[in-house]
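Visitor: Starting from the structure of chain V, add chain C where the hints point.
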Amino acid sequence: MSIKIDKEKCTACGKCLKVCPGSLIYKDETNKAFIKYEKDCWGCTACLKECKAGAIKYFLGADIGGKGACLHTIQDKDLLHWFIVKPDGKEEKITINQKDANKY
Amino acid sequence: MTLEPKILKTDILIIGGGTAGCYGALTIAENSSVEVIIAEKANIKRSGCLAAGVNAINAYINEGETPESFVDYVKRDSDGLIREDLVYTIAKRLNKVTEKIESLGLPILKDENGKYVSRGKRSIKINGENIKPILAKAVEEKQNIKILNKVNIIDYIVKEQKIIGAYGFSIEENNFYTIYAKAVICTTGGAAGIYKSNNPGFSRHKMWYSPFNTGAGYAMGIRAGAEMTSFEMRFIALRCKDTIAPTGTTAQGIGARQINGKGEDYVKKYGKPTTPMRLYSTVMENRNGEGPCYLQTVGITKEQEEELYKAYLNMAPAQTLKWIEKGVGPADENLEIEGTEPYIVGGHTSSGYWVDTDRATTIEGLYAAGDVAGGSPKKYVTGCFAEAEIASIAAMEYIAGKKLETLQDSEIDQKLREVDSFLTRAAGPYTIEQVEEAMQKVMDEYAGGISTGYIYSKKRLEIAKQRIDELVDISKTLKAQDLHQLLFIYEIIDRLDVCKALIRHLEARKETRWKCYQENADYPEKDDANFLKYVNSRYENGEFKILLREPVERDDIYEH
Chain V
94 MSIKIDKEKC TACGKCLKVC PGSLIYKDET NKAFIKYEKD CWGCTACLKE CKAGAIKYFL
154 GADIGGKGAC LHTIQDKDLL HWFIVKPDGK EEKITINQKD ANKY
Chain C
20 MTLEPKILKT DILIIGGGTA GCYGALTIAE NSSVEVIIAE KANIKRSGCL AAGVNAINAY
80 INEGETPESF VDYVKRDSDG LIREDLVYTI AKRLNKVTEK IESLGLPILK DENGKYVSRG
140 KRSIKINGEN IKPILAKAVE EKQNIKILNK VNIIDYIVKE QKIIGAYGFS IEENNFYTIY
200 AKAVICTTGG AAGIYKSNNP GFSRHKMWYS PFNTGAGYAM GIRAGAEMTS FEMRFIALRC
260 KDTIAPTGTT AQGIGARQIN GKGEDYVKKY GKPTTPMRLY STVMENRNGE GPCYLQTVGI
320 TKEQEEELYK AYLNMAPAQT LKWIEKGVGP ADENLEIEGT EPYIVGGHTS SGYWVDTDRA
380 TTIEGLYAAG DVAGGSPKKY VTGCFAEAEI ASIAAMEYIA GKKLETLQDS EIDQKLREVD
440 SFLTRAAGPY TIEQVEEAMQ KVMDEYAGGI STGYIYSKKR LEIAKQRIDE LVDISKTLKA
500 QDLHQLLFIY EIIDRLDVCK ALIRHLEARK ETRWKCYQEN ADYPEKDDAN FLKYVNSRYE
560 NGEFKILLRE PVERDDIYEH
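From first to last, the protein sequence lines stand for chains V and C.
With positions in the first sequence counted from 1, the corresponding number in my numbering is that position plus 93.
With positions in the second sequence counted from 1, the corresponding number in my numbering is that position plus 19.
Just chain V, same shape as in the assembly (with noise of 0.2 Å):
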């Protein structure tokens, strides 16, 4: 389990890079964000939630039954939307108000 970040989508804001939980995240030689210690990542999804441009993806790692689907998330004011996206294009949206406590 780790994060892919999207060179192309990242905007260079640095947002990922401090909150990043175990400050595993860099920036490179243009100021984009990579994961430098991938194997570190505790799968918090903070940097996800950080990223305006959708740039931060969360997967499983083969060894804990992924099979190649991703997650990311977009926040709209109280709403957070989080779309996990297969390998076949399939995407899976679900969305939760932030201000609405847990049914269990």
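No wet-lab data here; the hints were simulated from the structure.
Worth double-checking, as some hints may not be accurate.
Said to hold, decoys possible - Chain C side only, calculated, beta carbon under 7 Å to chain V, not exhaustive:
#1 Ile127
#2 Ile145
#3 Asn146
#4 Ile190
#5 Asn193
#6 Asn194
#7 Gly220
#8 Phe221
#9 Arg223
#10 Lys225
#11 Gly272
#12 Arg276
#13 Leu332
#14 Pro336
#15 Lys341
#16 Ile343
Said to hold, decoys possible - Here chain C is said to cover these stretches of chain V; the calculated rule only asks that three of the stretch's residues, wherever they fall, bring their Cβ under 8 Å from a Cβ of chain C:
#17 135 to 144
#18 190 to 197
What the hints assert, rightly or not - Computed from the model, here is a short list of chain C residues facing chain V with C-beta under 7 Å:
#19 Ala61
#20 Lys64
#21 Arg65
#22 Asn149
#23 Phe231
#24 Lys291
#25 Tyr328
#26 Lys329
#27 Leu340
#28 Glu344
Every value quoted in this text rests on a predicted model; they were computed, and no experiment measured them.
Glycine is no exception: its CB is placed at the ideal position from the N, C-alpha and C atoms.
Guide: The following block gives chain C in isolation, referenced to the frame of chain V:
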């Protein structure tokens, strides 16, 4: 590359800006004009245990419960051995700190009468995805709190048996910090990465506890000679297979039972369903060929499934991703569960600093709260808030009339040279990663990890001790190419010191008090006559001195 020395001064230094650290700083800022520095090795917005969120407030006194009944529960669940004074002082504050975090913006589910909706006797329902940013924002708004993000603290400064500050370095700039303070509060959290994890390959950090909590506070305390307690009461979580996501949301939320591979309800075969017993029964069923074990979710409604997807996204998104990626959710397939590797974490069990009722450690000027403070299991988030409040108030009282003490430049230079040596030396025979892997393998095989079913013996511990001592020597030859590698080296050094203490504690408890957490093969029975006591230790002149201490009652005010 070498580091530039910088000197900072403050009234109270808080080490670690996680759950307890942020709440402690906020307590001080709202009640005084005392100046605070929070030194945080990442960034307080998402650092610590709450990075991904949390699924519920699990320490709250619901209607029908009392602080007294809370203490009784924690004592029962911990086989009779807790510091009742510590748990009781926390219990009395739980509801107040919950109201505080709600006032800062945490959504809590309420019924039509405006009352919190309970999730069991001591739990309430929230949306905890954003809890850390909410807390961090409140801290950032306070004028008298200075936040040092990306600064890793490596040791206390001790002068005449008193803590007068701490040393650290930045992982972004070439700065070596000497921070002087009238009092220090340690809130660094517990220790993960001591044992080989469930997923030791690519997903090695897909663990329950924060992999970035590497026992720095324990290790600094050990090195400074602070008394520590109950390291042998390790915490091992029962979690969803592979994703290591919490099970409580499913078990308590929809009332799912634990079943074995034959579909039998197995926990009751082993005794009362305490937290360690739910884990132990699962380990035993697997050992007896009755596994895999599951939470029985088949048959829940699609609406319930949808709510579970959301609840997991709010704290452990890997689990929802796994369900959706597989195309089969919990309504159609039971949720497999497993035990994690052991962690040292005083918010769930009792490991940590031996503190008095005010959370003062045994070294003057040093206070501890949260996962790094021992004696009071089942703090969870609100218990860490409550404990941080107690420690902060005590630290504020302590510094009244106190002046800063400082060092000679030559003393700072000596510490700076030690840190620089990792950056300037030629590479030794092994890499940082190899030492980490070796440590985790040794602890797994010889100090009761997953591979031995969590059981240990004196013979095995002797091998562990010898191997860890060898790794300590190797750690002194490690080379850092950059500041992040310097951080990795200090994280290894800290965890090796925690291993040394842990091995001594496991050996010293010559009984078996907690299944899995502390299961001594040489002494498989509980021995109340000799061991209804706290196993404490103090590191002096290169040796751990073990002390057995008598139970402290709930109305006692314990003083060192």
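Visitor: Would you mind marking each hint as holding or not holding in the structure?
Guide: The hints, checked one at a time:
1. Against a cut-off of 7 Å between C-beta atoms, the interface hint on Ile127/C holds, since the closest Cβ of chain V lies about 6 Å away.
2. The interface hint given for Ile145/C is met, as the beta carbon of that residue sits about 5 Å from the closest beta carbon of chain V, less than 7 Å.
3. Checking Asn146/C against chain V by beta carbon gives a least distance of about 5 Å; that is within 7 Å, so the hint holds.
4. With a least beta-carbon distance of about 6 Å to chain V, the hint placing Ile190/C at the interface is held under the 7 Å criterion.
5. Because the smallest distance between the Cβ of Asn193/C and any Cβ of chain V comes to about 16 Å, over 7 Å, the interface hint for this residue is violated.
6. Annotation: Asn194/C was flagged as interfacial toward chain V, and the flag is violated, the nearest CB pair being 15 Å apart, outside 7 Å.
7. Checking Gly220/C against chain V by beta carbon gives a least distance of about 5 Å; that is within 7 Å, so the hint holds.
8. Annotation: Phe221/C was flagged as interfacial toward chain V, and the flag holds, the nearest CB pair being 4 Å apart, inside 7 Å.
9. For Arg223/C, the interface hint holds, the least distance from its beta-carbon to any beta-carbon of chain V being 6 Å, beneath 7 Å.
10. With 7 Å as the threshold, the beta carbon of Lys225/C comes within range of chain V, its nearest partner Cβ sitting at about 5 Å, so the hint holds.
11. The beta carbon of Gly272/C is positioned within 7 Å of a beta carbon in chain V (closest approach about 3 Å), and the interface hint is therefore held.
12. The restraint placing Arg276/C at the interface with chain V is violated, with a minimum CB-CB distance near 15 Å, outside the 7 Å limit.
13. The interface hint given for Leu332/C is met, as the beta carbon of that residue sits about 5 Å from the closest beta carbon of chain V, less than 7 Å.
14. Interface hint status for Pro336/C: upheld, as the beta-carbon distance to the closest one in chain V is roughly 5 Å, under 7 Å.
15. At its closest, the beta carbon of Lys341/C sits 6 Å from a beta carbon of chain V; the interface hint therefore holds under the 7 Å criterion.
16. For the restraint placing Ile343/C at the interface with chain V, the shortest Cβ-Cβ distance is roughly 5 Å, inside the 7 Å limit, so the hint holds.
17. Only residues whose C-beta sits within less than 8 Å of a C-beta in chain C count toward coverage, and the stretch 135 to 144 of chain V has 5 of them, enough to reach three; the restraint holds.
18. Counting residues of the stretch 190 to 197 of chain V whose beta-carbon sits less than 8 Å from any beta-carbon of chain C gives 7, enough to reach three: the coverage restraint holds.
19. Given hint, Ala61/C at the interface with chain V, holds; its Cβ is 5 Å from that chain's nearest Cβ, closer than 7 Å.
20. Below 7 Å, beta-carbon pairs count as interface contacts, and Lys64/C has one with chain V at about 5 Å; its hint therefore holds.
21. Look at Arg65/C: its Cβ gets to within about 4 Å of chain V, closer than 7 Å, so that hint holds up.
22. Look at Asn149/C: its Cβ gets to within about 6 Å of chain V, closer than 7 Å, so that hint holds up.
23. Given the 7 Å rule on beta carbons, the hint for Phe231/C holds: about 5 Å separates it from the nearest Cβ of chain V.
24. Residue-level restraint check for Lys291/C is violated (minimum Cβ-Cβ distance to chain V is 24 Å; threshold 7 Å).
25. Interface hint status for Tyr328/C: upheld, as the beta-carbon distance to the closest one in chain V is roughly 6 Å, under 7 Å.
26. Hint status for Lys329/C relative to chain V: holds, with the closest Cβ pair at about 5 Å, below 7 Å.
27. Here the hint on Leu340/C is kept, as its CB sits about 5 Å from the closest CB of chain V, short of 7 Å.
28. Satisfaction of the interface hint for Glu344/C is found here, the shortest Cβ-Cβ separation to chain V being roughly 4 Å, below the 7 Å cut-off.
Hint check: violations occur at hints 5, 6, 12 and 24; the rest are consistent with the structure.
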